[in-house]
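Heads up: the sequence lines are chains Y and S, in that order.
Using my numbering, you'd call the opening residue of the first sequence number 2 and step up by one each time.
Using my numbering, you'd call the opening residue of the second sequence number 9 and step up by one each time.
Just so you know, the hints here were simulated from the structure itself, not pulled from any lab data.
We put the beta carbon where it would ideally sit given N, CA and C, even for glycine.
It cannot be assumed that every hint is accurate.
What the hints assert, rightly or not - Taking beta-carbon pairs under 8 Å as the criterion, some of the chain S residues facing chain Y (in silico):
| hint | residue |
| --- | --- |
| 1 | Gly48 |
| 2 | Tyr56 |
| 3 | Ala109 |
| 4 | Glu110 |
| 5 | Gln111 |
| 6 | Gly114 |
| 7 | Pro115 |
| 8 | Gly116 |
| 9 | Arg118 |
As the list claims (entries may be wrong) - Lysine-lysine pairs mimicking DSBU-like chemistry, simulated, CA-CA at most 30 Å apart:
| hint | chain 1 | residue 1 | chain 2 | residue 2 |
| --- | --- | --- | --- | --- |
| 10 | Y | Lys100 | S | Lys17 |
| 11 | S | Lys65 | S | Lys91 |
| 12 | S | Lys78 | S | Lys65 |
| 13 | S | Lys65 | Y | Lys57 |
| 14 | S | Lys49 | Y | Lys72 |
| 15 | S | Lys49 | Y | Lys57 |
| 16 | S | Lys49 | Y | Lys69 |
| 17 | Y | Lys73 | S | Lys65 |
| 18 | S | Lys49 | Y | Lys73 |
| 19 | Y | Lys69 | Y | Lys58 |
| 20 | S | Lys78 | Y | Lys100 |
| 21 | S | Lys26 | Y | Lys100 |
| 22 | Y | Lys72 | S | Lys65 |
| 23 | S | Lys30 | Y | Lys100 |
| 24 | S | Lys49 | Y | Lys58 |
| 25 | S | Lys17 | S | Lys79 |
| 26 | Y | Lys100 | S | Lys49 |
| 27 | S | Lys79 | Y | Lys69 |
| 28 | Y | Lys100 | S | Lys79 |
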Amino acid sequence: QQQVRQSPQSLTVWEGETAILNCSYEDSTFDYFPWYHQFPGESPALLIAIRPVSNKKEDGRFTIFFNKREKKFSLHIADSQPGDSATYFCAARAGNTGKLIFGLGTTLQVQP
Amino acid sequence: GGIITQTPKFLIGQEGQKLTLKCQQNFNHDTMYWYRQDSGKGLRLIYYSITENDLQKGDLSEGYDASREKKSSFSLTVTSAQKNEMAVFLCASSPTGGVYAEQFFGPGTRLTVL
Chain Y
2 QQQVRQSPQS
12 LTVWEGETAI
22 LNCSYEDSTF
32 DYFPWYHQFP
42 GESPALLIAI
52 RPVSNKKEDG
62 RFTIFFNKRE
72 KKFSLHIADS
82 QPGDSATYFC
92 AARAGNTGKL
102 IFGLGTTLQV
112 QP
Chain S
9 GGIITQTPKF
19 LIGQEGQKLT
29 LKCQQNFNHD
39 TMYWYRQDSG
49 KGLRLIYYSI
59 TENDLQKGDL
69 SEGYDASREK
79 KSSFSLTVTS
89 AQKNEMAVFL
99 CASSPTGGVY
109 AEQFFGPGTR
119 LTVL
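Looking at chain S on its own, in the form it has when it is part of the complex (with noise of 0.2 Å):
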């Protein structure tokens, strides 16, 4: 077994602001992802790393930037958060290979900008 730990659970922050949001996995997993979560608009894909220093767009990476530093770890830089934002944000890791690759989600950090 294994675990995903987000930090922090929740964040607040000010428009225009640049934020950090991080990600730890321990399952030993090779690819790693970034989702963000909107009220009835399901999961959209913001960036994945199928290992170490690799990195991959998804369909909302504009405005994002990752960080793939080692193998247990990913992080998501919100660029400039935009006014009123509110969204949570779930990173997700599965291992390379295998027919049905699983994804294990984190718990998730929730962002609001005033």
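Just chain Y, same shape as in the assembly (with noise of 0.2 Å):
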């Protein structure tokens, strides 16, 4: 079955520190691997994306951790800030059929 797995559930951090959000996948024909974050009251939007042809992917303060042997990949937020807190999504898309699979969501909270 297609599934992403996405932990933790939640996560509180500090203004300035770094958060870190985590996925899992099973399936190896997934080529794409975004994450979407959401603020309260929106729709989702696309925040960076990686293919499993890279290992990192970097975009700021957004980070992508790639690790197709182990099927895990990971969002580092580096100096948090309060404007991060949000629900983010990582999802992954079938090769064979182009749909998102989309985890459960990490809702972000930044205390300054």
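The two chains are supplied separately, each in an independent frame; assemble them into the complex guided by the hints.
Okay, structure coming up:
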């Protein structure tokens, strides 16, 4: 069964710390791994994404680390800011259908 | 740039009622999606369509019908609303092809069934 497991369910960090959000999967046909963020009352929006040919993707304070062998990927948010407080969803695209399979989300709270 | 509009924004229905949600996009994207978002359960795919008149079932298609009338619009019908049901229905679109195929989401329709 195609699944993406995400942890933790909720995470609280202090301003300036690095927040680490984790995901894992089982299906080797997954070929694209995006992270979406969703602020309260808003819709999800793409934050950053990676393909399995790379093991790291950076965009400012946001970095994806990807481990193909262990089928795990994580989002690191450096120098966390209160404005980063949101729900973060990892996802994986099934290579055969193009469908995105979403994790259940991590609610991040950054305390000032 | 483009935009996705969903109507209505709020939908209140009665148990057993047939309810229709509408989505329009002006990105000129080929693929459109309907997701259901429940608190604590992430986003679950109901239906998607890769082109006009195409329809593909997602993981949560039972109890729903969908219709891709034209490239820019995708409708979802709840065939029989369940009592005390509350969820947000999100429409999304993405271009076909290309490695990254980012999905863009609409603002959502919030359903409450009395």
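Status of the hints after comparison with the structure:
Given hint, Gly48/S at the interface with chain Y, holds; its Cβ is 7 Å from that chain's nearest Cβ, closer than 8 Å. About 7 Å separates the beta-carbon of Tyr56/S from the nearest beta-carbon of chain Y, less than 8 Å, and the hint is met. Annotation: interface hint on Ala109/S holds; nearest CB of chain Y at approximately 7 Å, less than 8 Å. Given hint, Glu110/S at the interface with chain Y, holds; its Cβ is 5 Å from that chain's nearest Cβ, closer than 8 Å.
The closest approach between the C-beta of Gln111/S and any C-beta of chain Y is roughly 6 Å, which is under the 8 Å cut-off, so the hint is satisfied. Annotation: interface hint on Gly114/S holds; nearest CB of chain Y at approximately 6 Å, less than 8 Å. Taking 8 Å as the C-beta cut-off, the interface hint given for Pro115/S holds, the closest approach to chain Y being about 6 Å. A distance limit of 8 Å between C-beta atoms decides the matter here; for Gly116/S the minimum to chain Y is near 6 Å, and the interface restraint holds.
For Arg118/S, the shortest C-beta to C-beta distance to chain Y is roughly 10 Å, which exceeds 8 Å, and the interface hint is violated. With a C-alpha separation of about 25 Å, the suggested pairing of Lys100/Y with Lys17/S holds against the 30 Å cut-off. Taking the CA atoms of Lys65/S and Lys91/S, the gap is near 24 Å; set against the 30 Å cutoff, the hint holds. Proximity of Lys78/S to Lys65/S is assessed by CA-CA distance (about 18 Å); at most 30 Å being required, the pair is judged to hold.
Our distance criterion of 30 Å between C-alpha atoms is broken by Lys65/S and Lys57/Y, whose separation comes to about 33 Å. Among the hinted pairs, Lys49/S with Lys72/Y is consistent with the structure: their alpha-carbon atoms are about 22 Å apart, no more than 30 Å. Of the pairs offered as hints, the one joining Lys49/S and Lys57/Y holds, with about 28 Å between alpha carbons and a cut-off of 30 Å not exceeded. At most 30 Å may separate the alpha-carbon atoms for a hinted pair to count; Lys49/S and Lys69/Y meet this at roughly 26 Å.
Our distance criterion of 30 Å between C-alpha atoms is met by Lys73/Y and Lys65/S, whose separation comes to about 28 Å. Restraint check: the Cα-Cα separation between Lys49/S and Lys73/Y comes to about 20 Å, which is no more than 30 Å; the hinted pair holds. Distance check on the hinted pair: Lys69/Y and Lys58/Y sit about 14 Å apart at the alpha-carbon level, within 30 Å; holds. For the proposed pair Lys78/S and Lys100/Y, the alpha carbon gap of about 21 Å is at most 30 Å, so the pair holds.
As the CA atoms of Lys26/S and Lys100/Y are separated by approximately 27 Å, the hinted pair is consistent with the 30 Å bound. Under the criterion of a C-alpha separation no larger than 30 Å, the hint pairing Lys72/Y with Lys65/S is consistent with the structure, at around 27 Å. Simply put, Lys30/S and Lys100/Y have alpha-carbon atoms about 21 Å apart, close enough for the 30 Å limit, and the pair holds. Restraint check: the Cα-Cα separation between Lys49/S and Lys58/Y comes to about 27 Å, which is no more than 30 Å; the hinted pair holds.
As the CA atoms of Lys17/S and Lys79/S are separated by approximately 22 Å, the hinted pair is consistent with the 30 Å bound. Annotation: proposed proximity of Lys100/Y to Lys49/S holds, straight-line Cα distance about 17 Å (limit 30 Å). Distance restraint check for Lys79/S and Lys69/Y: the Cα-Cα separation of roughly 36 Å exceeds the 30 Å cut-off, and the hinted pair is therefore not satisfied. Between Lys100/Y and Lys79/S the alpha-carbon distance is near 19 Å, which keeps this suggested pair within the 30 Å criterion.
When each numbered hint is compared with the structure, violations occur for hints 9, 13, 27.
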